[in-house]
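2 protein chains.
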Amino acid sequence: MLKMKKKISERTIERLSIYRRYLKEIQAQGKSRVYSHELAKVVSGTAAQVRRDLMEVGCNGCSSKGYEVESLIIEIGDLLDCSEVENVALVGVGNLGRAVLGFFSGKKENFDIVAAFDSNPDKCGRIICGRRCYHMDDLQEVFQKNRISTAILAVPVEEAEKVAKTLVEAGVRAILNFAPTHLTVNNDVFIHTLDMTMELEKTIFFSRQNLNLKEG
Amino acid sequence: MLKMKKKISERTIERLSIYRRYLKEIQAQGKSRVYSHELAKVVSGTAAQVRRDLMEVGCNGCSSKGYEVESLIIEIGDLLDCSEVENVALVGVGNLGRAVLGFFSGKKENFDIVAAFDSNPDKCGRIICGRRCYHMDDLQEVFQKNRISTAILAVPVEEAEKVAKTLVEAGVRAILNFAPTHLTVNNDVFIHTLDMTMELEKTIFFSRQNLNLKEG
Numbered sequence: 002m003l004k005m006k007k008k009i010s011e012r013t014i015e016r017l018s019i020y021r022r023y024l025k026e027i028q029a030q031g032k033s034r035v036y037s038h039e040l041a042k043v044v045s046g047t048a049a050q051v052r053r054d055l056m057e058v059g060c061n062g063c064s065s066k067g068y069e070v071e072s073l074i075i076e077i078g079d080l081l082d083c084s085e086v087e088n089v090a091l092v093g094v095g096n097l098g099r100a101v102l103g104f105f106s107g108k109k110e111n112f113d114i115v116a117a118f119d120s121n122p123d124k125c126g127r128i129i130c131g132r133r134c135y136h137m138d139d140l141q142e143v144f145q146k147n148r149i150s151t152a153i154l155a156v157p158v159e160e161a162e163k164v165a166k167t168l169v170e171a172g173v174r175a176i177l178n179f180a181p182t183h184l185t186v187n188n189d190v191f192i193h194t195l196d197m198t199m200e201l202e203k204t205i206f207f208s209r210q211n212l213n214l215k216e217g
Numbered sequence: 002m003l004k005m006k007k008k009i010s011e012r013t014i015e016r017l018s019i020y021r022r023y024l025k026e027i028q029a030q031g032k033s034r035v036y037s038h039e040l041a042k043v044v045s046g047t048a049a050q051v052r053r054d055l056m057e058v059g060c061n062g063c064s065s066k067g068y069e070v071e072s073l074i075i076e077i078g079d080l081l082d083c084s085e086v087e088n089v090a091l092v093g094v095g096n097l098g099r100a101v102l103g104f105f106s107g108k109k110e111n112f113d114i115v116a117a118f119d120s121n122p123d124k125c126g127r128i129i130c131g132r133r134c135y136h137m138d139d140l141q142e143v144f145q146k147n148r149i150s151t152a153i154l155a156v157p158v159e160e161a162e163k164v165a166k167t168l169v170e171a172g173v174r175a176i177l178n179f180a181p182t183h184l185t186v187n188n189d190v191f192i193h194t195l196d197m198t199m200e201l202e203k204t205i206f207f208s209r210q211n212l213n214l215k216e217g
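For the record, the sequence lines run as chains A and B.
Read the first sequence against our numbering and you will find it ends at 217, with the numbers running on by one and no gaps.
Read the second sequence against our numbering and you will find it ends at 217, with the numbers running on by one and no gaps.
Wrong hints could be hidden among the right ones.
Treat identical chains as interchangeable: a pair holds within one or across any two.
In silico DMTMM-like cross-links for lysine to aspartate or glutamate, where the CA-CA straight-line distance does not exceed 20 Å [what the hints assert, rightly or not]:
1) K109 x D138
2) K124 x D139
3) K66 x E159
4) K42 x D82
5) K25 x E200
6) K42 x E162
7) K163 x E15
8) K108 x E160
9) K108 x E85
10) K146 x E26
11) K109 x D196
Treat the hints as calculated values from the structure; they're not laboratory data.
Could you put together the complete structure from these sequences and hints?
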């Protein structure tokens, strides 16, 4: 059942999603209980932070026995997931778009990429990585028919702003944007930009910092 | 020149990298000055946070005229970049690996993906997306020859832990990991896991929250 969602921060949602991934991993290994300090390591955080996060989903652990893995997975799912599977669209079927389709292909999650879109007529009408590719002109119709309100944007940076506006007009409420640019659309739409250059720059920065610490 | 790096948080580095991307965008549009509240919008933060971040790189703005765009770009670069281009390796040339190579191909950055690795002999010895693909067995040698200390890990989740250990043995100091799993390697190595499932789950959560706010 969909819980009443209170205002909850992006970082908390990120951490809860990561806890769940880890909890499923250790559940598969046969573990039934977990301590907050174990979860803290997974997000490079503190045990106190973990306990605050888990209180958000209504879980209180026991300092001597920790948390029950199974009930944590259920409680986090109650917050993050909906009772229905969420239909998602991918826009832009280039290298990155195909990789995203391939990445999620066959995974059992609480969402489903039900359609892909591209402006290249050669790609339209085809099945690419298991999903039908439609022309951008059909976007509004397909979005309405499939009740799609979340889109993954994997178009070149020059087109991102224009396509994002089309998505907003089609009624999307959230966009996962892979184009490394700041999109200025309607404030009511949640934009999450995943900038791979930034992610790599950050990794390199800490690679160098490790070197400096060793040499320093 | 490489500045003496003090302990600086991951989030600050992320934001500085995003500020710089945005600053380059507005510089290309002819803007020479920027206010902290403009930068705050780009990271969904506050102007006070922006000013704190920019003090980290030694920039003080003026409340009436803001910051100079060009000097900000230089100062952020002095912190984030090194005087030499950083050599990076990609490990795992599947769909996602190819997309990563394609994404960075031709981009002028302060890093360069100089080699790719795969365990599939059919891929080895070939040029893929502009980079030579080597066999995993040659990893240590190629890393030493090219002074590679940062790796992008794009192998299947089942192999990630084993390959990460190989990378650590070859001397990497930081890994950008695309496999959705918690890697337990040497503490001195910086691991940044980019979990696309988590990123999409987060986007969907806020998509639904937007719906609830509208309907609530």
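Original post:
How do K124 and D139 come out at 20 Å by Cα distance, when the copy is not named: within, between, both, or neither?
Top reply: Within. Shortest intra-copy distance 14 Å satisfies the 20 Å Cα cut-off; inter-copy 38 Å does not.
**OP:** If the cutoff is 20 Å on CA atoms, where do K146 and E26 land: within, between, both or neither? Let me know, please.
**Re:** Neither: 36 Å inside a copy, 37 Å across copies.
**OP:** Go through the copies and call it for K42 and D82: within, between, both or neither, with a Cα cutoff of 20 Å.
**Re:** For K42 and D82, neither the intra-copy (24 Å) nor the inter-copy (28 Å) Cα distance is at most 20 Å.
Original post:
Can you tell me if K108 and E85 fall within 20 Å by alpha carbon in one copy, between copies, both or neither?
Top reply: For K108 and E85, only the intra-copy Cα distance (16 Å) is at most 20 Å; the inter-copy one is 41 Å.
**OP:** Have a look at K109 and D138 and pick one of within, between, both or neither, based on CA distance no larger than 20 Å.
**Re:** neither (30 Å within a copy, 34 Å between copies)
Original post:
How would you label the pair K25, E200 (within, between, both, or neither) given a Cα cut-off of 20 Å?
Top reply: Between. Shortest inter-copy distance 17 Å satisfies the 20 Å Cα cut-off; intra-copy 26 Å does not.
Original post:
Can you tell me if K108 and E160 fall within 20 Å by alpha carbon in one copy, between copies, both or neither?
Top reply: between (29 Å within a copy, 17 Å between copies)
Original post:
Which holds for K109 with D196 at a C-alpha limit of 20 Å: within a copy, between copies, both or neither?
Top reply: between (26 Å within a copy, 15 Å between copies)
Original post:
Between the shortest in-copy and the shortest cross-copy C-alpha distance, which are at most 20 Å for K163 and E15: within, between, both, or neither?
Top reply: Neither, since 28 Å and 26 Å both go past 20 Å.
Original post:
Between copies, within a copy, both or neither: which fits K66 and E159 at Cα up to 20 Å?
Top reply: So K66 and E159 fail the 20 Å test inside a copy (54 Å) and across (30 Å) alike.
Original post:
From the Cα coordinates, with 20 Å as the cut-off, is the pair K42 and E162 best called within, between, both, or neither?
Top reply: between (38 Å within a copy, 16 Å between copies)
Against the hints set out earlier in the document, violations occur for numbers 1, 3, 4, 7, 10.
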